[in-house]
Amino acid sequence: MSTGPVLDIRELTTRFDTRRGPVTAVDRFSLNLAAGETMGLVGESGCGKSVTALSVMRLLPRPAGRIVGGQILFKGKDLAALPESQMRRIRGNEISMIFQEPLTSLNPVYTVGFQIVEAVRRHRRMDRRAAREEAVRMLSLVGMPEPAARMEDYPHQLSGGMQQRVMIAMALSCRPAVMIADEPTTALDVTIQAQILDLMNRLKAEIGMAVMLITHDLGVVAETCQRVAVMYTGRIVEAADVRTLFRRPAHPYTVGLFQSLPQIGGRRGRLRPIPGAVPSLLRLPPGCAFQERCFRSDAQCRQDPPWTSVGAEHWVRCWHPMEA
Amino acid sequence: MPLGYIAKRLLQLVAILFGVSVVVFLMLRMIPGDPAQLLLGEFANPEELARLRTQLGLDRSLPLQYGIYLQNLLQGDLGNSIRTNTPVAVEIWGRLLATLELSLAAMFISTVVGVSAGVVSAVRPHSAWDYGAMFMALVGVSMPIFWLGLMLIYLFAVKYPVLPMMGRLPMGLEVPAVTGLVMVDALIAGRFGVLWEASRHLLLPALTLATIPMAVVARITRSAMLEVLSKDYVRTARAKGLSEAVVILRHALRNAFLPVVTVLGLNLGLLLGGAVLTETIFSWPGLGRYVVDSLMGRDYAAVQGCILVFAAMMAAINLVVDLIYVLLDPRIRVNE
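These protein sequence lines map, in sequence, to chains A and B. For the first sequence, our numbering gives the first residue as 149, with consecutive numbering after it. For the second sequence, our numbering gives the first residue as 7, with consecutive numbering after it.
Chain A with its partners taken away, still in its complex shape (with noise of 0.2 Å):
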């Protein structure tokens, strides 16, 4: 495994251009990733996971997004400068993603095999059968049952789980440093959930690839992850690796969400949910975005917070980080 991030994005700006004017969906974001382990991007809905995703694959929607600031390097490159020309060849061979649908996200009128043996034909140097036989042993990796078999199944005709599994061999048949996973469970059974989360695990480690992982539930964060960061209105407000943050929330919204959640064996009586709402990014605050909807927030909230270390790989940002 070699030293230093595989991925290294440093103050990622993505601008949105709406009809009210100009959002800024992702600001200043840095983040880096090593080969081999697992992040978590966790947030609410809006908060500029998805959009973080799409800067680093260069797939913002056009021509309303577009990466204003920062860079995003990856083996020396800066993708965020990099010609499209070029950007193609990293996209599904260095740097795969999956998404949240998978029915959605297979084309309807293309067998699962044609889907997967485009991909590794499109970066791999294969005559059709050597693809159509890497597509096979992709399938029979990510546990599909008759692999040769289903090959020629349109994805209507698979379950979600199955149809989830047929995203995951498409997007490791190139063997990629890094794979993006944008609420790959979400739109599954609790039970093909955990299957999918360890497949990914597993195949993580066969590979040696780094993952970053996005999603709004903390449970699957806790079961896949070395390392979390908490988005809040487009800004990375907590990082930390995932012991720490679940034992030592500093920033009060990571406090918040964990308020939230239902606990096991823990107090009866009523969750306590963030009061007020996500302000739009329209019209943020000045300062903390949080401010607002902060039990901690004071005057001093209103200007910028810092990046603070509150202990070992430990950074909030925040004027008034819980204690530990």
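Calculated from the structure, these hints are not laboratory results. Where is the CB? At the ideal position from N, CA and C, for every residue including glycine. Errors might be hidden in some of the hints.
The following residues of chain B were derived to be distant from chain A, with all beta-carbon distances above 10 Å [claimed, not checked]:
#1 Gln43
#2 Glu48
#3 Glu54
#4 Leu154
#5 Met157
#6 Met171
#7 Tyr239
#8 Leu248
#9 Leu334
Distance condition first, Cα-Cα at most 20 Å in a straight line; then the derived SDA-like pairs of lysine to any residue [what the hints assert, rightly or not]:
#10 B:Lys237 x A:Leu207
#11 B:Lys237 x A:Gln248
#12 B:Lys237 x A:Lys352
#13 B:Lys14 x B:Lys237
#14 A:Lys223 x A:Ala183
#15 B:Lys165 x B:Leu154
#16 B:Lys237 x A:Tyr302
#17 B:Lys237 x A:Pro209
#18 A:Lys223 x A:Ser233
#19 B:Lys14 x B:Phe24
#20 B:Lys14 x B:Leu329
#21 A:Lys352 x A:Arg285
#22 B:Lys237 x A:Pro211
#23 A:Lys352 x A:Pro209
#24 B:Lys237 x A:Ala212
#25 A:Lys225 x A:Arg236
#26 B:Lys237 x A:Asn180
#27 B:Lys237 x B:Val129
#28 B:Lys14 x B:Val327
#29 A:Lys352 x A:Glu282
#30 A:Lys352 x A:Gly213
#31 B:Lys237 x A:Gly213
#32 A:Lys223 x A:Arg236
#33 B:Lys14 x B:Asp328
#34 B:Lys237 x A:His304
#35 B:Lys14 x B:Val332
#36 A:Lys225 x A:Met235
#37 A:Lys223 x A:Asn241
#38 B:Lys237 x A:Ser408
#39 B:Lys237 x B:Leu334
#40 A:Lys225 x A:Leu207
Please build the complex by placing chain B on the supplied structure of chain A, with the hints as guidance.
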């Protein structure tokens, strides 16, 4: 291919044709005008008229007339034209091929141009190209066909005489009929001079006929492509690192084709039956003109034959469209 399904649809076709034959038979006899009178002229004497009516079988009761017609029909006899006294089937066949050649050419032009324009518009929405193409499409659907035909003749055959203005081939030029489609026959005979002349004669009428369907196809393709391009699987295709051309042509276009194929099928039906204006303007010896002339002359057998052929073609096109659905989208299955 779902053979059982096709057989069932063909059986339905028989029922449809029977219904059409009854309706057309009755409607023709309900409209005013007497074939005998039209044939013999205004000053024919009553005895001659009565004799001709008897000869044509027009003096019998309607059910009996229809019975005789149906009996002949089932034996493959469409009757004779009262104007030329040749079998209607023979007359229709020759004209049908002329119409088919014109319609297929128009269909080809409208599909290629319409689909391409629609795809480019959808890929670059709200661009100058998009606005330009959609404006042209609006002009296209709004254009009166006869006016467009006359303008094309004026421009390309009169003012700048680069193209012929009428007919399928220049006088005296002929090619042995194998298929009846002049361009195909010329190709078979290896006579490229004839092929060239035939395509020159075909160009203006085909363009005229293609204008409206081309505009409709462009608009439908644009909206279908716009919808498909926002789908998750298009994003997946891009995430695989596929080139934009492959994403659009392989992953998006095939999904966008369903509504387009529906419109293309309807268009072909309309082109086959509705080329009357174009055929008249360009003196194209097709079925559209023939059916109008026959109607004017109260040539019952000819009109009935034409309508039956139209109905059969329309039904056949619908069947083909439905089968194309099954080919295009594996989620569509026929109920046998």
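Hint-by-hint comparison with the structure:
no.: 1; hint: Gln43; in the structure: 60 Å, holds
no.: 2; hint: Glu48; in the structure: 64 Å, holds
no.: 3; hint: Glu54; in the structure: 67 Å, holds
no.: 4; hint: Leu154; in the structure: 37 Å, holds
no.: 5; hint: Met157; in the structure: 39 Å, holds
no.: 6; hint: Met171; in the structure: 45 Å, holds
no.: 7; hint: Tyr239; in the structure: 4 Å, violated
no.: 8; hint: Leu248; in the structure: 6 Å, violated
no.: 9; hint: Leu334; in the structure: 7 Å, violated
no.: 10; hint: B:Lys237 x A:Leu207; in the structure: 13 Å, holds
no.: 11; hint: B:Lys237 x A:Gln248; in the structure: 13 Å, holds
no.: 12; hint: B:Lys237 x A:Lys352; in the structure: 28 Å, violated
no.: 13; hint: B:Lys14 x B:Lys237; in the structure: 36 Å, violated
no.: 14; hint: A:Lys223 x A:Ala183; in the structure: 11 Å, holds
no.: 15; hint: B:Lys165 x B:Leu154; in the structure: 15 Å, holds
no.: 16; hint: B:Lys237 x A:Tyr302; in the structure: 17 Å, holds
no.: 17; hint: B:Lys237 x A:Pro209; in the structure: 11 Å, holds
no.: 18; hint: A:Lys223 x A:Ser233; in the structure: 17 Å, holds
no.: 19; hint: B:Lys14 x B:Phe24; in the structure: 16 Å, holds
no.: 20; hint: B:Lys14 x B:Leu329; in the structure: 13 Å, holds
no.: 21; hint: A:Lys352 x A:Arg285; in the structure: 16 Å, holds
no.: 22; hint: B:Lys237 x A:Pro211; in the structure: 16 Å, holds
no.: 23; hint: A:Lys352 x A:Pro209; in the structure: 29 Å, violated
no.: 24; hint: B:Lys237 x A:Ala212; in the structure: 17 Å, holds
no.: 25; hint: A:Lys225 x A:Arg236; in the structure: 14 Å, holds
no.: 26; hint: B:Lys237 x A:Asn180; in the structure: 30 Å, violated
no.: 27; hint: B:Lys237 x B:Val129; in the structure: 14 Å, holds
no.: 28; hint: B:Lys14 x B:Val327; in the structure: 16 Å, holds
no.: 29; hint: A:Lys352 x A:Glu282; in the structure: 18 Å, holds
no.: 30; hint: A:Lys352 x A:Gly213; in the structure: 31 Å, violated
no.: 31; hint: B:Lys237 x A:Gly213; in the structure: 17 Å, holds
no.: 32; hint: A:Lys223 x A:Arg236; in the structure: 15 Å, holds
no.: 33; hint: B:Lys14 x B:Asp328; in the structure: 13 Å, holds
no.: 34; hint: B:Lys237 x A:His304; in the structure: 16 Å, holds
no.: 35; hint: B:Lys14 x B:Val332; in the structure: 16 Å, holds
no.: 36; hint: A:Lys225 x A:Met235; in the structure: 10 Å, holds
no.: 37; hint: A:Lys223 x A:Asn241; in the structure: 13 Å, holds
no.: 38; hint: B:Lys237 x A:Ser408; in the structure: 34 Å, violated
no.: 39; hint: B:Lys237 x B:Leu334; in the structure: 17 Å, holds
no.: 40; hint: A:Lys225 x A:Leu207; in the structure: 17 Å, holds
Comparing the model with each earlier hint shows violations of hints 7, 8, 9, 12, 13, 23, 26, 30, 38; every other hint is respected.
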